[in-house]
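A.B. asks: Here's the letter readout for the chains.
Number of protein chains: 2
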Amino acid sequence: MQKIVLRTQHIEEYANDNAIRSYQQQVSEIHQHLHASISSDTENIPTGWLQDPLEANQDLIAEIECISREICRKSDILIVIGVGGSYLGAKAIHDALGSYFTKKDDVEVIFIGNQLSSDYLNQLMDYIQDKEVYVNVISKSGTTLEPAINFRIIREFIEKKYGFYAQQHIIVTTDQENGLLKKASELNNYRHLTIPENIGGRFSVLTPVGLLPAVVCGVNIRDLLAGASSAATELSSPNLDVNPAYQYAVIRNILLNQGHQVEILSVFEPKLKYFQEWWKQLFGESEGKNHTGIFPTSTIYTTDLHSIGQYVQDGRRFLFETILSIAEPEQDITVPFLADDFDALNYLTDKSLHEINTIAKDATMKAHANGAIPVIELNIEKLDAYHLGYLFYFFMKACAMSAYLLNVNPFDQPGVEEYKKNISSLLNSTSKEYKLS
Amino acid sequence: MQKIVLRTQHIEEYANDNAIRSYQQQVSEIHQHLHASISSDTENIPTGWLQDPLEANQDLIAEIECISREICRKSDILIVIGVGGSYLGAKAIHDALGSYFTKKDDVEVIFIGNQLSSDYLNQLMDYIQDKEVYVNVISKSGTTLEPAINFRIIREFIEKKYGFYAQQHIIVTTDQENGLLKKASELNNYRHLTIPENIGGRFSVLTPVGLLPAVVCGVNIRDLLAGASSAATELSSPNLDVNPAYQYAVIRNILLNQGHQVEILSVFEPKLKYFQEWWKQLFGESEGKNHTGIFPTSTIYTTDLHSIGQYVQDGRRFLFETILSIAEPEQDITVPFLADDFDALNYLTDKSLHEINTIAKDATMKAHANGAIPVIELNIEKLDAYHLGYLFYFFMKACAMSAYLLNVNPFDQPGVEEYKKNISSLLNSTSKEYKLS
Numbered sequence: 001m002q003k004i005v006l007r008t009q010h011i012e013e014y015a016n017d018n019a020i021r022s023y024q025q026q027v028s029e030i031h032q033h034l035h036a037s038i039s040s041d042t043e044n045i046p047t048g049w050l051q052d053p054l055e056a057n058q059d060l061i062a063e064i065e066c067i068s069r070e071i072c073r074k075s076d077i078l079i080v081i082g083v084g085g086s087y088l089g090a091k092a093i094h095d096a097l098g099s100y101f102t103k104k105d106d107v108e109v110i111f112i113g114n115q116l117s118s119d120y121l122n123q124l125m126d127y128i129q130d131k132e133v134y135v136n137v138i139s140k141s142g143t144t145l146e147p148a149i150n151f152r153i154i155r156e157f158i159e160k161k162y163g164f165y166a167q168q169h170i171i172v173t174t175d176q177e178n179g180l181l182k183k184a185s186e187l188n189n190y191r192h193l194t195i196p197e198n199i200g201g202r203f204s205v206l207t208p209v210g211l212l213p214a215v216v217c218g219v220n221i222r223d224l225l226a227g228a229s230s231a232a233t234e235l236s237s238p239n240l241d242v243n244p245a246y247q248y249a250v251i252r253n254i255l256l257n258q259g260h261q262v263e264i265l266s267v268f269e270p271k272l273k274y275f276q277e278w279w280k281q282l283f284g285e286s287e288g289k290n291h292t293g294i295f296p297t298s299t300i301y302t303t304d305l306h307s308i309g310q311y312v313q314d315g316r317r318f319l320f321e322t323i324l325s326i327a328e329p330e331q332d333i334t335v336p337f338l339a340d341d342f343d344a345l346n347y348l349t350d351k352s353l354h355e356i357n358t359i360a361k362d363a364t365m366k367a368h369a370n371g372a373i374p375v376i377e378l379n380i381e382k383l384d385a386y387h388l389g390y391l392f393y394f395f396m397k398a399c400a401m402s403a404y405l406l407n408v409n410p411f412d413q414p415g416v417e418e419y420k421k422n423i424s425s426l427l428n429s430t431s432k433e434y435k436l437s
Numbered sequence: 001m002q003k004i005v006l007r008t009q010h011i012e013e014y015a016n017d018n019a020i021r022s023y024q025q026q027v028s029e030i031h032q033h034l035h036a037s038i039s040s041d042t043e044n045i046p047t048g049w050l051q052d053p054l055e056a057n058q059d060l061i062a063e064i065e066c067i068s069r070e071i072c073r074k075s076d077i078l079i080v081i082g083v084g085g086s087y088l089g090a091k092a093i094h095d096a097l098g099s100y101f102t103k104k105d106d107v108e109v110i111f112i113g114n115q116l117s118s119d120y121l122n123q124l125m126d127y128i129q130d131k132e133v134y135v136n137v138i139s140k141s142g143t144t145l146e147p148a149i150n151f152r153i154i155r156e157f158i159e160k161k162y163g164f165y166a167q168q169h170i171i172v173t174t175d176q177e178n179g180l181l182k183k184a185s186e187l188n189n190y191r192h193l194t195i196p197e198n199i200g201g202r203f204s205v206l207t208p209v210g211l212l213p214a215v216v217c218g219v220n221i222r223d224l225l226a227g228a229s230s231a232a233t234e235l236s237s238p239n240l241d242v243n244p245a246y247q248y249a250v251i252r253n254i255l256l257n258q259g260h261q262v263e264i265l266s267v268f269e270p271k272l273k274y275f276q277e278w279w280k281q282l283f284g285e286s287e288g289k290n291h292t293g294i295f296p297t298s299t300i301y302t303t304d305l306h307s308i309g310q311y312v313q314d315g316r317r318f319l320f321e322t323i324l325s326i327a328e329p330e331q332d333i334t335v336p337f338l339a340d341d342f343d344a345l346n347y348l349t350d351k352s353l354h355e356i357n358t359i360a361k362d363a364t365m366k367a368h369a370n371g372a373i374p375v376i377e378l379n380i381e382k383l384d385a386y387h388l389g390y391l392f393y394f395f396m397k398a399c400a401m402s403a404y405l406l407n408v409n410p411f412d413q414p415g416v417e418e419y420k421k422n423i424s425s426l427l428n429s430t431s432k433e434y435k436l437s
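Going down the list, the protein sequences come from chains A and B.
First residue of the first sequence? That's 1 in this note's numbering, and the numbers climb one at a time after it.
First residue of the second sequence? That's 1 in this note's numbering, and the numbers climb one at a time after it.
These are calculated hints, taken from the structure and not from any lab test.
All values reported here derive from a predicted model rather than from experimental measurement.
Check the hints yourself; a few may be wrong.
Because identical chains cannot be distinguished in the list, a pair is counted as satisfied if it fits within a single copy or across any two copies.
The list that follows gives simulated cross-link-like pairs (lysine-lysine, DSS-like), each with its CA atoms no further than 27 Å apart [to be verified]: (1) Lys160 <-> Lys351; (2) Lys421 <-> Lys366; (3) Lys420 <-> Lys366; (4) Lys351 <-> Lys366; (5) Lys103 <-> Lys74; (6) Lys160 <-> Lys183; (7) Lys351 <-> Lys161; (8) Lys351 <-> Lys183; (9) Lys161 <-> Lys131; (10) Lys183 <-> Lys382; (11) Lys351 <-> Lys420; (12) Lys183 <-> Lys421; (13) Lys351 <-> Lys421.
Excised from the complex, chain A in its bound form:
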């Protein structure tokens, strides 16, 4: 009774059961390597996220819920400061499980520190001027430029606004022991949540990094973690026949070897937009090194059928598509019958919008398959906290397997470090120039 159903009817000509099973030996070895790292003492392989996430966070849940209750009681806005893995997971949860339209009594959660637009920050400062604000700054090292600059500016605002009580409004999520943010948090008596040392940024959504923002958004994080916990159990077998996460990893590898170099993660529910962004970081950063890896991109259908759809249907054939679909919506709506039938749509009046959306999905899959695009479908029953937690774990496990199948290390990001060094050195050098002039 797995919570994610992997449908392969449109990829059988590219990756049949035999081709998939031929990876079993390799998959078992990688599986062994991954799981051995949990119990070993070495911290060379940061696989803390592989452990049952419900168990791992058991002692933290009550503390996080307690902080969240205070934030909800005392503030209009929670500003979450973070970038990359300290941003995308929390934003994915916020959008997937929240409302499209903010309701009056909800705490509004605003994500900043992920870019450097001065227009944005100016408008934000105007917007929050007269509001009650809490801040959750998330950064393992505390030295990543974007969140650091944004925190400096927001902290000044908070200190001016709340004076002696400012420290109450700042919650720091950072490393247990090291880093500037940890030091600042001790000096200023900020509340402090820990990012486990053996969990890297893009694998950290089910730690306090994602959990505090999630619970402020009204998400039941016990359900979220329970979903991930089910996944940890159900996806724990090295046997390809019963492990869809590994099947997905193997199929990707087969497709890449056939020249399908771009993967489009497609959804038919716009709420999943930032889940897609989270997924892009997960796979792009884990696999995109040594001049290899599948280039991860995304589309939201049916919107993008009317833009990039033409290319997918009939452009250069180096794509494949993974459709993440949802069986049941939260609420449905029926097409109304109209006496004048001005738009000739009365033939649809026995259908709901979700039924039509599902037919659109099937039509799309068929059309793209006919256009020589391999199409994988991953289907979940509904989009709730439980299934979202399951999805996070599913993709993290699939990603680790997939990267190892490519012979790259899923857990480093040398290219990002290069940019970070690059900008720091440019900033320092111009800084000196400015000071000399």
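Model the placement of chain B on the given structure of chain A, informed by the hints.
C.D. replies: Frame of chain A, contents of chain B only:
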């Protein structure tokens, strides 16, 4: 004094001046073909958008501004219903020139009809229940499924809410003569704006399709059209040496022939997100046919440097990047000096956020170029209505040239039609099944 500066320092090893100039003959022929179509009587080549957009819309501006004044006076919300070319251009203007945070007295513009999520539509119906609403439904044929279904549902809401006065709240943007929407608009006495027959969907942003929503958003459409008008003049030469739109088209073609099959349009200002989406439709739908074309994708930096940045830096080498940069922000903000320097960022306190963002852009271009990614930069002075109008025209003209260089027709979209037929037939057949059961 061109308004877009094309910087090529990071692509010289891929496409030097000689290589670019070798396209002159071909470019001149295509240019001749395109421009001849304006004055010819045949409507086989829909190049109405090539004409001076200010001149073309002269008689309409006052009418559109008048309707907009009524909407702003009488409503809280304008719902714009459209998909593809009847959506992305207007949304691009809305986001690029509007505020990040909606202000109380502004008319809120909500775009629907571009997807089929029942959760979204349900939440929207709740949200607008007690608000004053106008609707602008945009569809050339009136038969595209997503906007048609959404309009049917919204029209019912408007008729229940306003009764006899409902027709006053609906403005139709559609074909001059044909289509269901045109007929409905006559029968119901809706106000009606025309999409010129010789302008296809993805080239229609500077017609009433984009202009009415734009002016409701507070955009000065005279400036927008003036920018496009300047572009029409400045980019009217077939001479590659003085026409950056054609230079861009040629460089893309050279890069594709070298195996750079994916183009990333990157920005450092998140407001441009839907401009990127508009651009993706423009190029994807114009070029992605006959199993050729560059796959268009996008990133928002610095955000995505911390996700897909690793892949761009060091993944499979089949990418190139076009960076659309802005010299001056609307407002800037300075990094404050802090006595405790808790984050060790005092060395930045003589810098503004926009300066740092610009340094990040230069650092990124350098890093990616060093990582064997060709990087083109397109720079505009500032992001205002004038420059945005210029950009729209620039890319449309570059796109037409680029598609012809690939030997594909820039103005059709056979793959999209396939999906449209596909879904209609699936809906009809299940519809019959349902009726039989």
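A.B. asks: Which holds for Lys420 with Lys366 at a C-alpha limit of 27 Å: within a copy, between copies, both or neither?
C.D. replies: between (43 Å within a copy, 13 Å between copies)
A.B. asks: Is it within, between, both, or neither for Lys351 and Lys421, if the alpha carbons may be no more than 27 Å apart?
C.D. replies: Cα proximity of Lys351 and Lys421: across copies only (19 Å, versus 56 Å in one copy).
A.B. asks: Between the shortest in-copy and the shortest cross-copy C-alpha distance, which are at most 27 Å for Lys351 and Lys183: within, between, both, or neither?
C.D. replies: between (59 Å within a copy, 25 Å between copies)
A.B. asks: Could you figure out if Lys103 and Lys74 sit no more than 27 Å apart (CA to CA) within one copy, between two copies, both or neither?
C.D. replies: Intra 17 Å, inter 23 Å, cutoff 27 Å: intra and inter.
A.B. asks: For Lys183 vs Lys382, is the C-alpha pair at or below 27 Å within one copy, between two copies, both, or neither?
C.D. replies: So Lys183 and Lys382 fail the 27 Å test inside a copy (43 Å) and across (40 Å) alike.
A.B. asks: Is it within, between, both or neither when you check Lys351 against Lys420 at 27 Å Cα-Cα?
C.D. replies: Between. Shortest inter-copy distance 18 Å satisfies the 27 Å Cα cut-off; intra-copy 52 Å does not.
A.B. asks: My question is about Lys351 and Lys161: at a cut-off of 27 Å on alpha-carbon distance, are they close within one copy, between copies, both, or neither?
C.D. replies: between (54 Å within a copy, 24 Å between copies)
A.B. asks: Using 27 Å as the alpha carbon limit, work out where Lys183 and Lys421 are close: within a copy, between copies, both or neither.
C.D. replies: Cα proximity of Lys183 and Lys421: one copy only (22 Å, versus 62 Å across).
A.B. asks: Is it within, between, both or neither when you check Lys421 against Lys366 at 27 Å Cα-Cα?
C.D. replies: between (46 Å within a copy, 12 Å between copies)
A.B. asks: Regarding Lys351 and Lys366, is the shortest C-alpha distance of 27 Å or less found within a copy, between copies, in both, or in neither?
C.D. replies: This pair counts as within: shortest intra-copy Cα distance 21 Å, inter-copy 54 Å.
A.B. asks: Checking Lys161 and Lys131: alpha-carbon separation at most 27 Å within a copy, between copies, both or neither?
C.D. replies: Only inside one copy: Lys161 and Lys131 sit 10 Å apart there, 34 Å across copies, limit 27 Å.
A.B. asks: Evaluate Lys160 and Lys183 at a C-alpha cut-off of 27 Å and name the case that applies: within, between, both or neither.
C.D. replies: within (21 Å within a copy, 61 Å between copies)
Taken one by one, the earlier hints fail for this structure only at number 10.
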